[in-house]
Amino acid sequence: MVPIHAYLMLAMILFGIGAFGVLVSRNVIVMFMSVELMLNAANLVLIAFSRALGVVDGHVFVFLVLAVAAAEAAVGLAMIITIYRNRETINIDRYNLLKW
Amino acid sequence: MSEYLFWIPLLPLLGFLINGLLLGKLPRPVVSAVACVSVGLSFVLSLLLFFELRSLPPAAREIEQVLFTWIAAGSFHVDIAFLLDPLSAVMILVVTGVGFLIHVYSTGYMHHDKDFGRYFAYLNLFTFSMLTLVLANNFLLMFVGWEGVGLCSYLLIGFWFHKKSASDAGKKAFIVNRIGDFGFLLGMFIIFWQVGSLEFKTVMEQAPAMFVAGGGLITAACLLLFVGATGKSAQIPLYVWLPDAMEGPTPVSALIHAATMVTAGVYMIARSSVLYMMAPDALMVVAIIGAATAFFAATIGLAQNDIKRVLAYSTVSQLGYMFLACGVAAFGAGIFHLMTHAFFKALLFLAAGSVIHAMSEKQDMREMGGLKKYLPITYMTMLIATLAIAGIPGLSGFFSKDEILWKAFSSQHGHWLLWLVGFITAGLTAFYMFRLIYMTFHGKERMDEHTRSHIHESPRSMTVPLMALAVLSVIGGYIGMPHIFGVTNYFEEWLAPVVHGPGHQAASHALAAAGADTSMEWALMAASVILVIIAIFVARHFYNKKPEAATAMAEKMSGMKTLLANKYYVDEFYGATVVRPIVNGSLFLWKFVDVVIIDGTINGLAVISRDISEVLRYVQGGKVRNYATVFVAGVIVLVAYFIFG
Chain A
1 MVPIHAYLML AMILFGIGAF GVLVSRNVIV MFMSVELMLN AANLVLIAFS
51 RALGVVDGHV FVFLVLAVAA AEAAVGLAMI ITIYRNRETI NIDRYNLLKW
Chain B
1 MSEYLFWIPL LPLLGFLING LLLGKLPRPV VSAVACVSVG LSFVLSLLLF
51 FELRSLPPAA REIEQVLFTW IAAGSFHVDI AFLLDPLSAV MILVVTGVGF
101 LIHVYSTGYM HHDKDFGRYF AYLNLFTFSM LTLVLANNFL LMFVGWEGVG
151 LCSYLLIGFW FHKKSASDAG KKAFIVNRIG DFGFLLGMFI IFWQVGSLEF
201 KTVMEQAPAM FVAGGGLITA ACLLLFVGAT GKSAQIPLYV WLPDAMEGPT
251 PVSALIHAAT MVTAGVYMIA RSSVLYMMAP DALMVVAIIG AATAFFAATI
301 GLAQNDIKRV LAYSTVSQLG YMFLACGVAA FGAGIFHLMT HAFFKALLFL
351 AAGSVIHAMS EKQDMREMGG LKKYLPITYM TMLIATLAIA GIPGLSGFFS
401 KDEILWKAFS SQHGHWLLWL VGFITAGLTA FYMFRLIYMT FHGKERMDEH
451 TRSHIHESPR SMTVPLMALA VLSVIGGYIG MPHIFGVTNY FEEWLAPVVH
501 GPGHQAASHA LAAAGADTSM EWALMAASVI LVIIAIFVAR HFYNKKPEAA
551 TAMAEKMSGM KTLLANKYYV DEFYGATVVR PIVNGSLFLW KFVDVVIIDG
601 TINGLAVISR DISEVLRYVQ GGKVRNYATV FVAGVIVLVA YFIFG
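In the order they appear, the protein sequences are chains A and B. Those letters in the first sequence? Residues 1 to 100, by the working numbering. Those letters in the second sequence? Residues 1 to 645, by the working numbering.
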């Protein structure tokens, strides 16, 4: 039996990588993938506790998060494509129409 | 017949509506026909109703027509209703009769003016307002007419509004009148407060029961009404607007600023005679103000060189006579002088207008002289009017002025000092009027060659009204001859049911009936006639025989002359004490309170939020990763707070 803190450590590392990716990347697609990584880190924590405590609540939340993440991926990618058609770039720093 | 009463004011109103709504669409002959016919019909109707009124027994001479309820709020009830009694009958005859002649005259005088239609529309509106004023059966409707004539006066003084002096004079007249109107309103409030009605009949019947005779309240009400009268009728201290009102067309000066509107105050006081009889102190104030104004304005008239300004000050002075009469409780004499004055003063103004017309719009008498042979009709008619105003026996002005002087002397409210002031003023009047005649019509021709070549007698439309008024100026006085001539004073008897100084009237009747000592009255009459004749000869000496003597005299008394020519600096005094502080106060409110404090607060708030935003907007740098960094930092802080806090 893998102790729960191992899962938590892994989740924390995954979340850290995701957050780091969002903060440093200029590529919208990469940022998008990093966000997905952070979501799954949270999912991992939920599953780990659910299993350790022997209840199914965590599973329910995870399915919810997966569904939302799928919808978000669809909408987000569609938006990125549309923006790319207009500005011909995926560099997030050039998406600054609303600056000031 | 009496059901046609409301047509008297309505006809001029229709004339105004036709000319006013179709402004600039109607050809000139139609405009003048509409204007003259409406007032002419009004005059005919007034005559018919006058005869109907006369056929009634004296105590029942009263025709009232209630058209509809105007205001009904609780106990406050005001009708649109007209009242024809002996007093208003005299007034409507004067207003429509003299008004009609002036309308006819105007068709000639204003012939060249491009705003012909506008002029006649205003003139008809004025006639309507004035008739409403005199026919109203309550104070409030009278006030409507009162304001209406004020408005028309403003519009007509400023008729040539492109001239700055004319529009200024219009504003001055309006503003000064507002001060008086405020007094009128307050007086009306006191009456309503005490009596609970504004209808003349109710007020006059119930006032003796509701007010303490001679008490503070009735005195205050009368004095406040008199403040209104001083504004409208140009008495001290509110007379300053009338001389400036001469900026308007001359027929307007004749109609509004000599014959009708300015006498509204006298009419109002005569109408409220019952109230004034209960307030002897107020009567005394009226008499003193009247006498002072008569004298004061006459002295200013001595030194004016503008032909219309002389007449304007003369009007102020004659109005002072009327108030003097009212103040000594001789209301009938005041109204009598009002009527004769309407005849001869309208004639003087119209004749002056004829002179100005001939002189190519020049009004300075120093540039006239010798006009007698160019303008024979104008000269003759103006001379008649001048003799009438000077008080030469046999002409209308003599009878009315003499009656006022006698009443000022003999009435129980009178005083020999009041008589003396009136007596001296009569001499001054004769002097300045003949100065005007001599400077204008006699002596050397002082105009330039160009003007001389244009001098012409006025057209028929102008000379016929002059002649008609001249006839009235001669015969108008015979209806009110004093008792000492052994005849009935028809005018006084006619007015007796409405305006009465109770007791006094009876006493004077008794005096005449008993054949009491009339030598005093004869003596005073003779004295004033002699004074007038002397004044005329003095004027002839200075301004006809020896003009150089006048110049020498003027140099000797240059201080006095400057003082008079500048009208005692009253305008300057008012400017310094009233106008300037108000202007400065308004400037303070505008430049400081409004601009600095009110606008400053609002603009200050806006500036503050703008400046804060100016700093804060740099937070929105447009770099998504920066937002994310701040977001993550915020999350870390929150988590740290929950873990360690």
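Hints in this document: simulated from the structure, not taken from any laboratory. Virtual Cβ for every residue (Gly too), placed ideally from N, Cα, C. Treat the hints with care, since some could be wrong.
[To be verified] Some chain B residues judged to face chain A by a derived CB distance under 7 Å, without partners named:
| id | residue |
| --- | --- |
| 1 | Arg178 |
| 2 | Val596 |
| 3 | Ala628 |
| 4 | Thr629 |
| 5 | Val632 |
| 6 | Gly634 |
[As the list claims (entries may be wrong)] Some chain B residues flagged as far from chain A (calculated, every beta-carbon gap over 10 Å):
| id | residue |
| --- | --- |
| 7 | Phe68 |
| 8 | Gly427 |
| 9 | Asn584 |
| 10 | Lys623 |
[Stated by the list, open to error] Partial pick of chain A residues on the chain B-facing surface, computed with a CB cut under 7 Å:
| id | residue |
| --- | --- |
| 11 | Ile92 |
| 12 | Asp93 |
| 13 | Lys99 |
Problem set entry | chain A contact restraint on valine 596 of chain B - CB to CB distance below 7 Å | violated, 33 Å
Problem set entry | Minimum Cβ distance from glycine 427 of chain B to chain A greater than 10 Å, as the annotation requires | Holds: least Cβ distance 89 Å, greater than 10 Å.
Problem set entry | Given as non-interface: asparagine 584 of chain B, which should sit over 10 Å from chain A by C-beta | The claim stands: asparagine 584 of chain B keeps its Cβ more than 10 Å from every Cβ of chain A (closest is about 48 Å).
Exercise. Can the hint on arginine 178 of chain B be confirmed by a CB-to-CB distance to chain A that is less than 7 Å?
Worked result: Violated, because the Cβ-Cβ distance from arginine 178 of chain B to chain A comes to roughly 57 Å (cut-off 7 Å).
For this session: Verify the interface restraint on threonine 629 of chain B: the C-beta must sit less than 7 Å from at least one C-beta of chain A.
Result: Interface hint status for threonine 629 of chain B: holds (6 Å vs cutoff 7 Å).
For this session: Return the status of the interface hint for lysine 99 of chain A: holds when the least beta-carbon distance to chain B is below 7 Å, violated otherwise.
Result: holds, 3 Å
For this session: Quick one: work out the minimum CB distance from phenylalanine 68 of chain B to chain A and report holds if it exceeds 10 Å, violated otherwise.
Result: holds, 69 Å
Problem set entry | chain A contact restraint on valine 632 of chain B - CB to CB distance below 7 Å | holds, 6 Å
Exercise. Does alanine 628 of chain B meet its interface restraint, that is, does its C-beta lie within less than 7 Å of any C-beta in chain A?
Worked result: holds, 5 Å
Exercise. Do the numbers back the hint for isoleucine 92 of chain A, that is, is its least Cβ distance to chain B under 7 Å?
Worked result: holds, 5 Å
Exercise. Are aspartate 93 of chain A and chain B close enough, Cβ to Cβ, to be under 7 Å, as the hint says?
Worked result: Holds. Min distance 6 Å.
Exercise. Is the interface hint for glycine 634 of chain B satisfied, with its Cβ closer than 7 Å to some Cβ of chain A?
Worked result: Constraint on glycine 634 of chain B not satisfied, violated at 13 Å.
Checked against the numbered hints given earlier, this structure breaks hints 1, 2, 6, 10; the rest are met.
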